[in-house]
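Q: Sequence:
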Amino acid sequence: MNTLGLSLIDSLRLWSARRSLRRERSAFYFDLASTLADRVPLFSTFRKYESRARRRAPHMAVVYLHMARSIQQGSLADALEGVASSMERIVLDAVQTGGDESMARGLAFLSETVDKTERMQDAVRKAVTYPVLLLIVFSLMLVGFSKFAVPVLVELIPPQNWPPMGQVLYALTQFIEHFGLLALVVVLGAIAAFLWSLPNWSGPSRVRADTRVPYSIYRDYQGAILILALSSLMQAQVSLHASLERALRYSNPWMRWHLQWILKRLAKGDSRAFGTAFQTGLLSPNLEDRVQDASERSDPVAAFVRIGNSSVDLTVRDLERSARVLNMVLLGICGVLLAIMMIGFFSTAFSLENSLRESTSQSVGR
Numbered sequence: 219m220n221t222l223g224l225s226l227i228d229s230l231r232l233w234s235a236r237r238s239l240r241r242e243r244s245a246f247y248f249d250l251a252s253t254l255a256d257r258v259p260l261f262s263t264f265r266k267y268e269s270r271a272r273r274r275a276p277h278m279a280v281v282y283l284h285m286a287r288s289i290q291q292g293s294l295a296d297a298l299e300g301v302a303s304s305m306e307r308i309v310l311d312a313v314q315t316g317g318d319e320s321m322a323r324g325l326a327f328l329s330e331t332v333d334k335t336e337r338m339q340d341a342v343r344k345a346v347t348y349p350v351l352l353l354i355v356f357s358l359m360l361v362g363f364s365k366f367a368v369p370v371l372v373e374l375i376p377p378q379n380w381p382p383m384g385q386v387l388y389a390l391t392q393f394i395e396h397f398g399l400l401a402l403v404v405v406l407g408a409i410a411a412f413l414w415s416l417p418n419w420s421g422p423s424r425v426r427a428d429t430r431v432p433y434s435i436y437r438d439y440q441g442a443i444l445i446l447a448l449s450s451l452m453q454a455q456v457s458l459h460a461s462l463e464r465a466l467r468y469s470n471p472w473m474r475w476h477l478q479w480i481l482k483r484l485a486k487g488d489s490r491a492f493g494t495a496f497q498t499g500l501l502s503p504n505l506e507d508r509v510q511d512a513s514e515r516s517d518p519v520a521a522f523v524r525i526g527n528s529s530v531d532l533t534v535r536d537l538e539r540s541a542r543v544l545n546m547v548l549l550g551i552c553g554v555l556l557a558i559m560m561i562g563f564f565s566t567a568f569s570l571e572n573s574l575r576e577s578t579s580q581s582v583g584r
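Per this note's numbering, the very first residue in the sequence shown carries number 219; after that it's consecutive.
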């Protein structure tokens, strides 16, 4: 990230201010579009926002100062780094070549699409957050059993005399007792590797992985974002080939692999029949079919633009479907853990109660 010579403290402030502004960027884009429509230079707008922020919210002044400096040295897409998403920067990078009027239309379009992309992000969060929280809760419960409940039972009755489910619980708690820390490191490492692989792992093996949850959730979301960006660029009279090349500038390795394949396919075949070029595994099956259908229309560009505008609703449905699958799998794992804990503990407790009752009966008989 280029901080234009900012100090470490100012860099941290800039990072924090960008995160705050990112949450409000829909209204921010609308305001910028309005000022450009009134022929007010962006540099003047950013300096005015900086002056206003120094009076009302000093922590936000640094981001507007950075934008004012960046807009003089480069592009609006660069000035909004850390605020705009990759898709939004692709659009800004394209429309700014058309002057203030084109940028005003692009910013107004982004103001409307931010809410759509937020809906998809919410669907992704719902697909992941609740099941992960459940796994954490049940894992903590299992640790609690291994530390407090099981040792009490061990003191009262030898583990070899426990019922089958009790012995399963005992074996599981012994694993946690001796290898719990190692298991935690492995799990955290696997999570970190998975998160790293989402934007970085590419190739034929990744295409196969993208057909299964949880990778399909990432594919569906990123594919819809790309189609939305491309449709907005084509609506601004940017050709499909040029739109894809612009998208390459802001793409991660996973997306770049797909875009390069799409461009190669377009170069080999009829560029007007672009539907088959997108069949690289980048899009969900439903969205892939719609792109193919659009390429066969009398006006494929107009059809593609319509797909971009409606792709969010379709993708939200796909993400919700994937979320249900992920929820069922993780809930099943949680159910197995709960069953092992409850059945193992209570069956052992009942066995202990029966042993005590038999011991009492024998004592009375004597």
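Treat the hints as calculated values from the structure; they're not laboratory data. Treat the hints with care, as some may be off.
What the hints assert, rightly or not - Below, computed lysine to any residue pairings styled on SDA-like, alpha-carbon distance capped at 25 Å: (1) Lys334 - Lys486; (2) Lys344 - Ala389; (3) Lys344 - Ala326; (4) Lys266 - Arg240; (5) Lys344 - Trp475; (6) Lys486 - Met452; (7) Lys266 - Arg287; (8) Lys344 - Ser357; (9) Lys334 - Lys482; (10) Lys266 - Gly292; (11) Lys344 - Arg430; (12) Lys334 - Pro382; (13) Lys482 - Ala520; (14) Lys482 - Cys552; (15) Lys334 - Ala322; (16) Lys344 - Gly553; (17) Lys486 - Gly499; (18) Lys486 - Trp475; (19) Lys482 - Trp419; (20) Lys365 - Glu336; (21) Lys334 - Val355; (22) Lys486 - Arg515; (23) Lys365 - Pro382.
Q: All hints, please: hold or fail.
A: Hint check results:
1. Lys334 - Lys486: violated, 34 Å
2. Lys344 - Ala389: Answer violated: Lys344 to Ala389 is near 34 Å, above 25 Å.
3. Lys344 - Ala326: violated, 29 Å
4. Lys266 - Arg240: holds, 19 Å
5. Lys344 - Trp475: violated, 28 Å
6. Lys486 - Met452: Measuring from Cα to Cα gives roughly 21 Å; hence the hint holds.
7. Lys266 - Arg287: The hint holds at about 13 Å.
8. Lys344 - Ser357: Measuring from Cα to Cα gives roughly 20 Å; hence the hint holds.
9. Lys334 - Lys482: violated, 30 Å
10. Lys266 - Gly292: It holds: about 19 Å lies between the C-alpha atoms, which stays within 25 Å.
11. Lys344 - Arg430: holds, 17 Å
12. Lys334 - Pro382: Violated: Lys334 and Pro382 sit about 53 Å apart, past 25 Å.
13. Lys482 - Ala520: holds, 23 Å
14. Lys482 - Cys552: Since the Cα atoms of Lys482 and Cys552 sit roughly 46 Å apart, the hinted pair is violated (cutoff 25 Å).
15. Lys334 - Ala322: holds, 19 Å
16. Lys344 - Gly553: It holds: about 19 Å lies between the C-alpha atoms, which stays within 25 Å.
17. Lys486 - Gly499: holds, 19 Å
18. Lys486 - Trp475: Between Lys486 and Trp475 the Cα gap is close to 17 Å, so the pair holds against 25 Å.
19. Lys482 - Trp419: holds, 20 Å
20. Lys365 - Glu336: Violated, at about 42 Å.
21. Lys334 - Val355: Between Lys334 and Val355 the Cα gap is close to 32 Å, so the pair fails against 25 Å, i.e. violated.
22. Lys486 - Arg515: Holds, at roughly 21 Å.
23. Lys365 - Pro382: holds, 20 Å
The earlier numbered hints that this structure contradicts are 1, 2, 3, 5, 9, 12, 14, 20, 21.
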